[in-house]
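Protein chains in written order, with this note's numbering: chain U, 1 to 112; chain W, 1 to 119.
Keep in mind that a hint or two might mislead.
One-sided excerpt, in silico: chain W residues whose CB lies under 7 Å from chain U [claimed, not checked]:
#1 G43
#2 E44
#3 L45
#4 F47
#5 R50
#6 N106
#7 F109
#8 K111
As a list, the in silico DSSO-like pairs of lysine-lysine whose alpha-carbon atoms are at most 30 Å apart [what the hints assert, rightly or not]:
#9 W:K16 to W:K114
#10 W:K70 to W:K3
#11 W:K3 to W:K114
#12 U:K57 to W:K111
#13 U:K57 to W:K118
#14 W:K38 to W:K70
#15 U:K57 to U:K13
#16 W:K16 to W:K111
#17 W:K38 to W:K114
#18 W:K114 to U:K57
#19 W:K70 to W:K114
#20 W:K38 to W:K118
#21 U:K13 to W:K111
#22 U:K57 to W:K3
#23 W:K3 to W:K111
#24 W:K111 to W:K70
#25 W:K38 to U:K13
#26 W:K38 to W:K111
#27 W:K38 to W:K16
#28 U:K57 to W:K70
#29 W:K3 to W:K38
FYI, nobody ran anything at the bench for these hints, they're computed from the structure. Computed from a predicted model, the values in this text were never measured in an experiment. For each residue, glycine too, the CB sits at the ideal point set by N, CA and C.
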Amino acid sequence: KAGVTQTPRYLIKTRGQQVTLSCSPISGHRSVSWYQQTPGQGLQFLFEYFSETQRNKGNFPGRFSGRQFSNSRSEMNVSTLELGDSALYLCASSRDTTYEQYFGPGTRLTVT
Amino acid sequence: AQKVTQAQTEISVVEKEDVTLDCVYETRDTTYYLFWYKQPPSGELVFLIRRNSFDEQNEISGRYSWNFQKSTSSFNFTITASQVVDSAVYFCALSEARNYGGSQGNLIFGKGTKLSVKP
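Only chain U is shown next, with the shape it has when bound in the complex:
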């Protein structure tokens, strides 16, 4: 069974630009969560989607948004990029919201 896939794996953007990251969950998984990992703040929860609906949201500004499609694939968008948005963005999927999460390899975003 294929694991969680994330595209792109690496991305370099300029401050002020926007970016869209994509996540394809494990087949059959309907819940997708997003996390940001930085050396200073560690792993922080961004949001969770289940059946195209956002269920939970972490403490991030409105520049961070996401969505989930009917095939459970998810995208997250960051607008007006700041230098502090440089991070590893991890996506995780689970069968539904009460099961353990399996993580993808992440997208490493660098903002210059």
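The hints should help you fit chain W onto chain U, whose structure is shown.
Same frame as chain U, but now just chain W:
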């Protein structure tokens, strides 16, 4: 407020030594879940175990074992006879299911413990 503390930032051992990674959590909920994840240098978080708050049984999986003690709010992880391939950052995480309608989608992670196993 919920919190996960991994006091050991880095641990270095020699192959075949046993090593225990500590995890202490804080929560006001009676229903919660605890997790351990491994992050090798490749960056992908690998799921190791999930334990719910009503199940205090210790668990063993091969060289891995977990000791859950609600009385001390700890969920420690022991690797027996460590190997070089165990070198990674290990994260302990907490999810308060009740606050999110049963969802475990919001994982609260500790800062991680970097384990280096030398040959």
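Please verify that hint: R50 of chain W, Cβ, nearest Cβ of chain U, below 7 Å or not. Cβ of R50 of chain W sits 5 Å from chain U, so the hint holds.
Is the interface hint satisfied for K111 of chain W? The criterion is a beta-carbon contact with chain U at less than 7 Å. holds, 5 Å
For the pair supplied as a hint, K57 of chain U and K111 of chain W, confirm whether the alpha-carbon distance does not exceed 30 Å. holds, 20 Å
Given the hint that K38 of chain W pairs with K114 of chain W, does the C-alpha gap stay at or below 30 Å? holds, 10 Å
Does the structure keep K38 of chain W and K13 of chain U at a Cα separation of 30 Å or less? Answer holds: K38 of chain W to K13 of chain U is near 29 Å, not above 30 Å.
Against the 30 Å threshold, does the CA-CA distance of K111 of chain W and K70 of chain W hold or violate the hint? With a Cα-Cα distance of about 21 Å, the restraint between K111 of chain W and K70 of chain W holds, given a limit of 30 Å.
Does K114 of chain W lie within 30 Å of K16 of chain W when you go C-alpha to C-alpha? holds, 17 Å
Can you verify the interface hint for F47 of chain W: is its Cβ closer than 7 Å to any Cβ in chain U? Holds: closest Cβ of chain U sits about 5 Å from F47 of chain W, inside 7 Å.
Satisfaction of hint between K13 of chain U and K57 of chain U, Cα-Cα up to 30 Å: holds, 25 Å
When you check the alpha-carbon spacing of K114 of chain W and K57 of chain U, does it fall within 30 Å? Roughly 28 Å separates the two Cα atoms, so the pair holds.
For the pair supplied as a hint, K38 of chain W and K16 of chain W, confirm whether the alpha-carbon distance does not exceed 30 Å. holds, 19 Å
Does E44 of chain W pass the interface hint, meaning its C-beta sits closer than 7 Å to a C-beta of chain U? holds, 5 Å
In summary, the one numbered hint that this structure violates is 13.
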